[in-house]
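2 protein chains.
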Amino acid sequence: MQFFDGGVCFPKGFTAHGVLAGIKKGRTKEDVALIVSEKQCNASGVFTKNLVQAEPVKLSRKHLERRRSYAVIANSGNANACTGAQGEQNALLMASCTAQALQKKGMTGVCTGDVLVCSTGVIGQQLAVEKIEAKIDELVAGLSKEGNVKARQAIMTTDTVHKECAVQTVIGGKDVRLGTMAKGSGMIHIHMGTMLGFITTDCAITPDMLDEALRESVEGTYNCVSVDGDSSTNDTLLILANGMAENPVISKKDDNYYLFLDALNVLNTRMARSIAGDGEGASHLIECTVTGAKDVQSARNLAKSVISSSLVKAAFFGRDANWGRILCALGYSGEFFTPGKTSVSFKSEAGSIVVFDHGTPVNFDEVKAKEILGAKEIQITAAMEDGSASGTAWGCDLTYDYVKINGDYRT
Amino acid sequence: MQFFDGGVCFPKGFTAHGVLAGIKKGRTKEDVALIVSEKQCNASGVFTKNLVQAEPVKLSRKHLERRRSYAVIANSGNANACTGAQGEQNALLMASCTAQALQKKGMTGVCTGDVLVCSTGVIGQQLAVEKIEAKIDELVAGLSKEGNVKARQAIMTTDTVHKECAVQTVIGGKDVRLGTMAKGSGMIHIHMGTMLGFITTDCAITPDMLDEALRESVEGTYNCVSVDGDSSTNDTLLILANGMAENPVISKKDDNYYLFLDALNVLNTRMARSIAGDGEGASHLIECTVTGAKDVQSARNLAKSVISSSLVKAAFFGRDANWGRILCALGYSGEFFTPGKTSVSFKSEAGSIVVFDHGTPVNFDEVKAKEILGAKEIQITAAMEDGSASGTAWGCDLTYDYVKINGDYRT
Numbered sequence: 107m108q109f110f111d112g113g114v115c116f117p118k119g120f121t122a123h124g125v126l127a128g129i130k131k132g133r134t135k136e137d138v139a140l141i142v143s144e145k146q147c148n149a150s151g152v153f154t155k156n157l158v159q160a161e162p163v164k165l166s167r168k169h170l171e172r173r174r175s176y177a178v179i180a181n182s183g184n185a186n187a188c189t190g191a192q193g194e195q196n197a198l199l200m201a202s203c204t205a206q207a208l209q210k211k212g213m214t215g216v217c218t219g220d221v222l223v224c225s226t227g228v229i230g231q232q233l234a235v236e237k238i239e240a241k242i243d244e245l246v247a248g249l250s251k252e253g254n255v256k257a258r259q260a261i262m263t264t265d266t267v268h269k270e271c272a273v274q275t276v277i278g279g280k281d282v283r284l285g286t287m288a289k290g291s292g293m294i295h296i297h298m299g300t301m302l303g304f305i306t307t308d309c310a311i312t313p314d315m316l317d318e319a320l321r322e323s324v325e326g327t328y329n330c331v332s333v334d335g336d337s338s339t340n341d342t343l344l345i346l347a348n349g350m351a352e353n354p355v356i357s358k359k360d361d362n363y364y365l366f367l368d369a370l371n372v373l374n375t376r377m378a379r380s381i382a383g384d385g386e387g388a389s390h391l392i393e394c395t396v397t398g399a400k401d402v403q404s405a406r407n408l409a410k411s412v413i414s415s416s417l418v419k420a421a422f423f424g425r426d427a428n429w430g431r432i433l434c435a436l437g438y439s440g441e442f443f444t445p446g447k448t449s450v451s452f453k454s455e456a457g458s459i460v461v462f463d464h465g466t467p468v469n470f471d472e473v474k475a476k477e478i479l480g481a482k483e484i485q486i487t488a489a490m491e492d493g494s495a496s497g498t499a500w501g502c503d504l505t506y507d508y509v510k511i512n513g514d515y516r517t
Numbered sequence: 107m108q109f110f111d112g113g114v115c116f117p118k119g120f121t122a123h124g125v126l127a128g129i130k131k132g133r134t135k136e137d138v139a140l141i142v143s144e145k146q147c148n149a150s151g152v153f154t155k156n157l158v159q160a161e162p163v164k165l166s167r168k169h170l171e172r173r174r175s176y177a178v179i180a181n182s183g184n185a186n187a188c189t190g191a192q193g194e195q196n197a198l199l200m201a202s203c204t205a206q207a208l209q210k211k212g213m214t215g216v217c218t219g220d221v222l223v224c225s226t227g228v229i230g231q232q233l234a235v236e237k238i239e240a241k242i243d244e245l246v247a248g249l250s251k252e253g254n255v256k257a258r259q260a261i262m263t264t265d266t267v268h269k270e271c272a273v274q275t276v277i278g279g280k281d282v283r284l285g286t287m288a289k290g291s292g293m294i295h296i297h298m299g300t301m302l303g304f305i306t307t308d309c310a311i312t313p314d315m316l317d318e319a320l321r322e323s324v325e326g327t328y329n330c331v332s333v334d335g336d337s338s339t340n341d342t343l344l345i346l347a348n349g350m351a352e353n354p355v356i357s358k359k360d361d362n363y364y365l366f367l368d369a370l371n372v373l374n375t376r377m378a379r380s381i382a383g384d385g386e387g388a389s390h391l392i393e394c395t396v397t398g399a400k401d402v403q404s405a406r407n408l409a410k411s412v413i414s415s416s417l418v419k420a421a422f423f424g425r426d427a428n429w430g431r432i433l434c435a436l437g438y439s440g441e442f443f444t445p446g447k448t449s450v451s452f453k454s455e456a457g458s459i460v461v462f463d464h465g466t467p468v469n470f471d472e473v474k475a476k477e478i479l480g481a482k483e484i485q486i487t488a489a490m491e492d493g494s495a496s497g498t499a500w501g502c503d504l505t506y507d508y509v510k511i512n513g514d515y516r517t
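Chains A and B, in that order, give the protein sequences.
For the first sequence, the positions run 107 to 517 when this note's numbering is used.
For the second sequence, the positions run 107 to 517 when this note's numbering is used.
Just chain A, same shape as in the assembly:
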């Protein structure tokens, strides 16, 4: 599959923009992003499983009951969570002012329910929605095919790199494009996307199949990422499909559906890795793959338990090949496996090394291990003999900087 520039603007009919509204004191870069499709889209989303849901999450869930959307507006700097009735009102205002501004610009078919809303930032403070209202006409006026650059910037909080990706595939003889951007760095865990993510596509696909593909793809991608074990109040992953590729409409799980799903998986895997690698304070991306497990879910849960372990994460920060902690984390995953038939190895661009072989410690070369663990991206493989299923999860190391970033986040 080929990768392209352009992110969310890569698919036909989508434009974006970002402006600085000044939501959070001292911010000098864009903090409000807008993505718009010129045609109404089929739309779906997956959201945090946290009982405490931010106001934009509640609103977007409600709007998605129609399974139609034209636009997404998102702000950083304030999560609009735990903000009560006023917060609810503010989320609605973000949607309604966007719809009005788009109508003024000639998109007369856009109603408030067509606008999805996302927020990310500090919890428990009221969102200065008037600052967004003041900038909304400027935001709409600036929409362009190059707008992904400012939009992807606007959703970043503690992210150190922007995260976007675009791919193209062929479905029914037509080029079909998918683009995405995401933010996520802290408060990242395995229940749902645990970040903000936006996927655009010009694929023609029914709402049912779009929803199905999103949920299926999330299981092995975004749901296999952990930074710190905290599932946020704002996690949202949205997908908008405007059909402008004019491929035969995907309406059942046929070959075309799986072509679309493959492209979606490539996109989401790229984002999942990118979020893990940019985990708050992270110096290493840790990818754990479990092979030979009894089923896929079990393999994924085992892998997730490893990359979620504070002790494993701290060991990787110290480049310490402390594989005992990996066995320990596999052991408390809640999944069955046979420790006596398990092997563990580490791999990176600097080489590979087996540290535990069929239940027995290996007297390995510590110097070589340090070299391998010095790379930016490290693969852990736990090879079992309990079945034939595999699963991968992504995380990062636990560093001084994670503690520093989160010890004083609000000020």
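Keep in mind the hints are simulated off the structure, nothing from the lab.
A few of these clues could be false.
A pair counts as met if it fits within one copy or between any two copies, since identical chains are not told apart.
The calculated lysine to aspartate or glutamate pairs, modelled on EDC-like cross-linking and capped at a C-alpha distance of 20 angstroms, are [unchecked claim]: (1) 131 / 472; (2) 130 / 472; (3) 447 / 194; (4) 168 / 318.
Fit chain B to the given chain A structure using the hints.
Quick look at chain B alone, frame taken from chain A:
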């Protein structure tokens, strides 16, 4: 209830000792502890729920099937976990050499099955059991009523303070004594004791009731502690009751049972708090109490979710009253509650402050909050209106030192 010195040696008939065997290179303090009762005890234990169980855990479980014991031997510096058949043999050797040494000293009724074995330290390296065998006669020869001092030292790893406690209660007109010592600092989580703990008592109680009391007490004490979310391979909490207090034997859940349980709860709560407060690198003990929950289990799970959150822990390190993270952690606990009827407050020796009141953010005094959060021990209360049950959990903050300690543990 009155507290006493003496730890595990406080109850009648128990002696202890500790020696330096040199299990881990560079150690200068005792690393092998022995606790012995002059009469055979009824005994019980609770163990890690990790699928990967250390060899001493497997052996002690097996020995406890007899529900009888005379002695516990424990080493620090090596966990004897993931060590295969040789590890199994080494754990057994620890028990058998202890039994032989006690027999030589005149305790002719002691068999290998009467000796319980615990290990703590690095996973995946073979235990130098010959070093323990070489010291076993010295260890037995030194047994005394003051031996708790060296024994409690011998089980410490990254612990910065020793943890012991002793209480006395009156059951059926007789003074009954309970003593304990524990170690635990990292790899501490809420499934089971997550440490090593040893409880001695001269109470006369049947094996059934002893087992029942231990399990009941653990639920609200050791099982409500988390340092880092990692459940170790070696967690063990043992209780030995030799009956020398000569109280009427507790054989059912009568008033005397509950007197014993009360004393056990006092002891275990003290240890649970002590382990949390001495969490690796910790600068604060965090106690979270949930009130007004629908039932006790729900209250405890909500409280555990708060003290387990990396983001809550990092915020307390930074003395940042970021209560939004507390709501977030309550929200992903898996338990039901009504956010709109929830209030959150902080309390310490420096005062108390409400930060979230019935679902609404409070515009609180940040300076006062910083003062409150500056204390060594901090209480979080989450007051709900979903029922009348309460639960408490204990944790600590996440600091640079936690990362430092665990970034390079093996060397």
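To see whether the hints hold, each was checked on the structure:
1. In the homo-oligomer, the alpha carbons of residue 131 and residue 472 lie at most 20 angstroms apart only across protomers (17 angstroms), although the nearest pairing inside one protomer, at 48 angstroms, exceeds that limit.
2. Taking the shortest alpha-carbon separations for residue 130 and residue 472, only the inter-copy value of 18 angstroms comes in at or below 20 angstroms, while the best intra-copy value is 47 angstroms.
3. For the identical chains of this complex, residue 447 and residue 194 are inter-copy neighbours only, at 17 angstroms across copies versus 54 angstroms inside a copy, given an alpha-carbon limit of 20 angstroms.
4. Taking the closest pair of Cα atoms, residue 168 and residue 318 come within 20 angstroms of each other only inside a single copy of the chain (18 angstroms); across copies the shortest separation is 50 angstroms, beyond that limit.
Every hint, counting from the list given before, is met by this structure.
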